[in-house]
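As given, the protein sequences belong to chains F and V, one line each in that order. Mapping of the first sequence onto the numbering used here: residues 1 to 522, in sequence order. Mapping of the second sequence onto the numbering used here: residues 1 to 364, in sequence order.
Simulated from the structure, these hints should not be mistaken for lab results. Incorrect hints may appear among the rest.
For lysine to aspartate or glutamate, the following EDC-like pairs were computed, each having C-alpha atoms within a straight-line distance of at most 20 Å [stated by the list, open to error]:
#1 F:Lys502 with F:Asp319
#2 F:Lys148 with F:Asp233
#3 V:Lys299 with F:Asp140
#4 F:Lys224 with F:Glu180
#5 V:Lys243 with V:Asp286
#6 F:Lys148 with F:Asp128
#7 F:Lys502 with F:Asp326
#8 F:Lys216 with F:Glu228
#9 V:Lys273 with F:Asp233
#10 F:Lys224 with F:Asp319
#11 F:Lys386 with V:Glu234
#12 V:Lys243 with F:Asp498
#13 F:Lys224 with F:Asp326
#14 V:Lys299 with V:Glu315
#15 V:Lys152 with V:Asp57
#16 F:Lys224 with F:Asp140
#17 V:Lys273 with V:Asp292
#18 F:Lys148 with F:Asp190
#19 F:Lys389 with V:Glu234
#20 F:Lys216 with F:Asp498
#21 V:Lys299 with V:Asp356
#22 F:Lys216 with F:Asp327
#23 V:Lys273 with F:Asp145
#24 V:Lys299 with F:Glu133
#25 F:Lys148 with V:Asp292
#26 F:Lys148 with V:Asp291
#27 V:Lys273 with V:Glu317
Okay, here's what each chain looks like letter by letter:
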Amino acid sequence: MNMFFWNILAWIMIAGCAFPVCADDADFLAARRFSTTLSEPSALPSQPTFFAEPERERTRLQSDFRLEPHSVLRPRERTSSLLAVRGYVEPRYAPLSPLLVNAALYLLLAIVTLVLVYTLRHYWFTIDRLFGEQRHPYTDIDTADWPKVTVFIAAHNEEAVIANSLEALLDIDYPADRLEIMPVNDRSTDRTREIIDGFVQRFPGRIRPFHRTGGKPGKAAALKDATELAAGDILIVFDADYIPGRGLVRQLVAPFFDPENGAVMGRVVPLNTGTNLLTRLLDMERSGGYQVDQQARMNLRLVPQYGGTVGGVRRAALDAVGGWRDDALAEDTDLTYRLLLGGWKTVYQNRSECYEESPEDWPVRVRQIMRWSKGHNQAAVRYGFKLLKSGTVSRREKLDGALLLGIFAMSPILLLGWMMAVFLYYFSSNDWLIGALALFSLMAYSALGNFAAFFEIGAAVYLDGSVQRIRLMPLNFLGFLVSMLSISRATFNQIVFDTLLKRKMVWDKTVRYRQAPQGEAA
Amino acid sequence: MNGGLLWTFVLTGLVALLFILPMLPALIEYRWPRDVTPLRVVREHDGNVTNFANVFDQYIESRFGKMLPSLGASEICPVRLESGASCILLGRTAEFSLSAAEHAALTVKQLVVGVDAVRLPDNVLFESEVFAGGDFTGGAQSAFRAVLARGKAALVSGSAVLRWIHAGGVLSIANDVQLFGRASSASHIELGIGVEFERLHAPTILFGIAADSVAQSNIFPGPICDWQPKANGEMIGGQWRVKGDVALPPGCAYAVPLVAIGNLRVGAASWLKRALKSNGDLVLGDACQVDDAVVATGKVEIGAGCRIRGPVISETEVLLRRGSVVGTLSNPATVSAPRIVIEAGVMVFGTVWARDNGEVRAAA
Numbered sequence: 001m002n003m004f005f006w007n008i009l010a011w012i013m014i015a016g017c018a019f020p021v022c023a024d025d026a027d028f029l030a031a032r033r034f035s036t037t038l039s040e041p042s043a044l045p046s047q048p049t050f051f052a053e054p055e056r057e058r059t060r061l062q063s064d065f066r067l068e069p070h071s072v073l074r075p076r077e078r079t080s081s082l083l084a085v086r087g088y089v090e091p092r093y094a095p096l097s098p099l100l101v102n103a104a105l106y107l108l109l110a111i112v113t114l115v116l117v118y119t120l121r122h123y124w125f126t127i128d129r130l131f132g133e134q135r136h137p138y139t140d141i142d143t144a145d146w147p148k149v150t151v152f153i154a155a156h157n158e159e160a161v162i163a164n165s166l167e168a169l170l171d172i173d174y175p176a177d178r179l180e181i182m183p184v185n186d187r188s189t190d191r192t193r194e195i196i197d198g199f200v201q202r203f204p205g206r207i208r209p210f211h212r213t214g215g216k217p218g219k220a221a222a223l224k225d226a227t228e229l230a231a232g233d234i235l236i237v238f239d240a241d242y243i244p245g246r247g248l249v250r251q252l253v254a255p256f257f258d259p260e261n262g263a264v265m266g267r268v269v270p271l272n273t274g275t276n277l278l279t280r281l282l283d284m285e286r287s288g289g290y291q292v293d294q295q296a297r298m299n300l301r302l303v304p305q306y307g308g309t310v311g312g313v314r315r316a317a318l319d320a321v322g323g324w325r326d327d328a329l330a331e332d333t334d335l336t337y338r339l340l341l342g343g344w345k346t347v348y349q350n351r352s353e354c355y356e357e358s359p360e361d362w363p364v365r366v367r368q369i370m371r372w373s374k375g376h377n378q379a380a381v382r383y384g385f386k387l388l389k390s391g392t393v394s395r396r397e398k399l400d401g402a403l404l405l406g407i408f409a410m411s412p413i414l415l416l417g418w419m420m421a422v423f424l425y426y427f428s429s430n431d432w433l434i435g436a437l438a439l440f441s442l443m444a445y446s447a448l449g450n451f452a453a454f455f456e457i458g459a460a461v462y463l464d465g466s467v468q469r470i471r472l473m474p475l476n477f478l479g480f481l482v483s484m485l486s487i488s489r490a491t492f493n494q495i496v497f498d499t500l501l502k503r504k505m506v507w508d509k510t511v512r513y514r515q516a517p518q519g520e521a522a
Numbered sequence: 001m002n003g004g005l006l007w008t009f010v011l012t013g014l015v016a017l018l019f020i021l022p023m024l025p026a027l028i029e030y031r032w033p034r035d036v037t038p039l040r041v042v043r044e045h046d047g048n049v050t051n052f053a054n055v056f057d058q059y060i061e062s063r064f065g066k067m068l069p070s071l072g073a074s075e076i077c078p079v080r081l082e083s084g085a086s087c088i089l090l091g092r093t094a095e096f097s098l099s100a101a102e103h104a105a106l107t108v109k110q111l112v113v114g115v116d117a118v119r120l121p122d123n124v125l126f127e128s129e130v131f132a133g134g135d136f137t138g139g140a141q142s143a144f145r146a147v148l149a150r151g152k153a154a155l156v157s158g159s160a161v162l163r164w165i166h167a168g169g170v171l172s173i174a175n176d177v178q179l180f181g182r183a184s185s186a187s188h189i190e191l192g193i194g195v196e197f198e199r200l201h202a203p204t205i206l207f208g209i210a211a212d213s214v215a216q217s218n219i220f221p222g223p224i225c226d227w228q229p230k231a232n233g234e235m236i237g238g239q240w241r242v243k244g245d246v247a248l249p250p251g252c253a254y255a256v257p258l259v260a261i262g263n264l265r266v267g268a269a270s271w272l273k274r275a276l277k278s279n280g281d282l283v284l285g286d287a288c289q290v291d292d293a294v295v296a297t298g299k300v301e302i303g304a305g306c307r308i309r310g311p312v313i314s315e316t317e318v319l320l321r322r323g324s325v326v327g328t329l330s331n332p333a334t335v336s337a338p339r340i341v342i343e344a345g346v347m348v349f350g351t352v353w354a355r356d357n358g359e360v361r362a363a364a
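Taking the hints into account, I'd like the entire structure generated from these sequences.
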């Protein structure tokens, strides 16, 4: 499974539509085969003539062989009022009604159009990132009267990683009297509490722990409770497996000098890149997502996304949009859109980098992407319509915001498109469909097989200066395929089980791979 | 094996090869990884403008720390470094002089390390770093790759610094000097008219003036204005958001942050206690005081005699008119924009960072 395969598949499908193997020509082929047994082969026209003049050829075949009026070999000519297509033929014994076929064709056309839009979006972002003017308006602020900041470290059973995170934060370059470090220990059952308390004793007055023993599960719920205790005007959030650099908090706080900014997002960089193929693929995927996608949205004044970690939010903005929503599956996406609708901007800081640990096992990755997918879809349902009718959001932000909301929905839609294309290919087709199939094949190829998304990742890896790893690009299709199927599965589950059957959604924590240091609390 | 079967195998093999060939780089990189290290994130990076100077100072200390005190007062000692590059050590009273080859080429390739004050000749390009244990004085029309002076440093007219310069004392930049890269001082920087710069950092930076001649104009804010936007304005999160262009009347005090979706013009002698943001150009009238940040996506023009306590940020250009002051000694601030034009008589406490270019200009 690679892009080369899709290259071949695309060309086979295009060629399949250009040559007489489509169902709409089946009757003619049958007629030709039938005719060769009755007449001299030399009497048959050559293939190019057959295609160049189908109407005359059909008439000639019918007159030559005198088919019975109701013969299965005789095609019917129709004119579709729906599609404004004249003179196309359809099989006499088509298994689907014309109305159904037309509806399916329109749906396929819509899917093709959507794929095309997302493909163009990938191209636009990548070209902007490579050749456009780059916006980093706040990275140069290095001396200022820094505001009071609370740094949350979201932790649920994080004994393996919490110590590294706390050590890094204690070494941060930020005025100590304006920095409040608050580990948010959310109902941990391992040694997380013990480790945090050990740090509190070792560094008196530097850490203000929040041990949560009950309440609603989930990061958003924990942050909601912690925020009530926080003293900072700016709230910075790190997951417990993140190791911030010395200048990171200042870099993340700098954009808040702009009163219009409600949230900030830094760049996440995988630390365990070399563990296996999955981590290497995720490293490239993350690179594409941040280095190109997020930065391009920042450049183009679109909707950079607050990612829930290595990011922050202005306390006043958070309060203005109703605080953390503890029923949100993806509190980051949820907050991004509430801030956008509330008139606040989210800023992406590409140079504010922080290491994270990415999943090392495919099942963990599948669960992670399924959780993201559900959260994103939940936000799409909640805010999609509000966004489109908002009076405060600019048109370009609306367009990008809507496309961003729909990005996880595209996986099942694309899967549906593929299935429909194949289905219609065999059960009904016409001249119009030939074009649609070809276009869809090209788009599918371009979007997933090679150019658009891969172009984005390739550009990101190039910008990062990682010369050799770019060779792994074709294998990324494996990651895309797994993601597409996982997201489709999650969407199906969300619609059928979570929504229709009212199944309770469960928070799924990402597995950590670092080993817990023994005796850390001492 | 008959011919048909053979050709079938050959064709199958060729097709398989055709599939595998483009995959080979990926498969090789997967099987024998060459690029698996995480992207480099420098944890220690804290954005300190004096980083290069600090690193160079540490190098000088570690490499020549024991050698320099033992150098005779007028001694000039050439040293070959481990890298193969050459270095010249100057005693306390020794004067740097060009060799014949250097004189002919008007270029000095060696590192220059002076125990105390260092004075360098005119019209020479110094391709390596220069270190002065005391004061440093550069020659006219000379260019320096990088300079570190533990005492005062002075660049005379027409000279240039290509990468960075740092002084432990006052850094004096005469008229028409070009500063590419960073210029910093632990004390203060004085810049003459016509100086071009990129990044400046010091507790106090004086443009076109000497430290003792700064006029401390006083702001007398008027009454708190009960200002509200006439239309298209709404209060969001304790801020005024106003669509379209906004013009604030002069002589009033405003206590609420203001975000204009269009251009923003503030009348003279206004006192703004909170931040200002314009999604177009922002013009601050003369003698205004802003106790918070001034931010614009377009051009920012700060009128004469204004006081800004917070950062001044523009995505295009900042113009600071004569007599305006940014930041305070206890609360330094940053002025940041791709292009910055500063009139003589301006004082900034903190950092001025022109991403493309900055310029000191005579007051209009």
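| field | Hinted pair lysine 216 of chain F and aspartate 498 of chain F, Cα distance within 20 Å | value | Holds: lysine 216 of chain F and aspartate 498 of chain F sit about 18 Å apart, inside 20 Å.
| said: Check the hint pairing lysine 273 of chain V with glutamate 317 of chain V against an upper bound of 20 Å on the C-alpha distance. | reply: violated (23 Å)
| said: Checking one constraint from the list: CA of lysine 273 of chain V to CA of aspartate 233 of chain F, max 20 Å. Satisfied? | reply: Holds, because 17 Å separates the two Cα atoms, which is no more than 20 Å.
| Is the hinted pair lysine 148 of chain F and aspartate 190 of chain F satisfied, with a Cα-Cα distance of at most 20 Å? | violated (32 Å)
| request: Take a quick look at whether lysine 243 of chain V and aspartate 498 of chain F sit within 20 Å of each other, Cα to Cα. | output: Since the Cα atoms of lysine 243 of chain V and aspartate 498 of chain F sit roughly 42 Å apart, the hinted pair is violated (cutoff 20 Å).
| message | Does aspartate 356 of chain V sit within 20 Å of lysine 299 of chain V, going by the straight-line distance between their CA atoms? | response | holds (14 Å)
| task | Quickly compare the C-alpha distance for lysine 216 of chain F and aspartate 327 of chain F to 20 Å and report which way the hint goes. | result | holds (9 Å)
| request: Given the hint that lysine 299 of chain V pairs with glutamate 133 of chain F, test it: the Cα-Cα distance must not exceed 20 Å. | output: Measuring from Cα to Cα gives roughly 17 Å; hence the hint holds.
| said: Please verify whether lysine 243 of chain V and aspartate 286 of chain V have alpha carbons no more than 20 Å apart. | reply: With Cα atoms ~25 Å apart, lysine 243 of chain V and aspartate 286 of chain V exceed 20 Å; violated.
| task | Mind checking the alpha carbons of lysine 224 of chain F and glutamate 180 of chain F for me, to see if they're no more than 20 Å apart? | result | holds (17 Å)
| task | Would you check the hint for lysine 152 of chain V and aspartate 57 of chain V, treating anything up to 20 Å between C-alpha atoms as holding? | result | Between lysine 152 of chain V and aspartate 57 of chain V the Cα gap is close to 15 Å, so the pair holds against 20 Å.
| query | Is lysine 389 of chain F close enough to glutamate 234 of chain V, meaning Cα to Cα at most 20 Å? | reply | holds (18 Å)
Consistency with the previously given hints fails for numbers 1, 5, 6, 12, 16, 18 and 27, ordered from lowest to highest.
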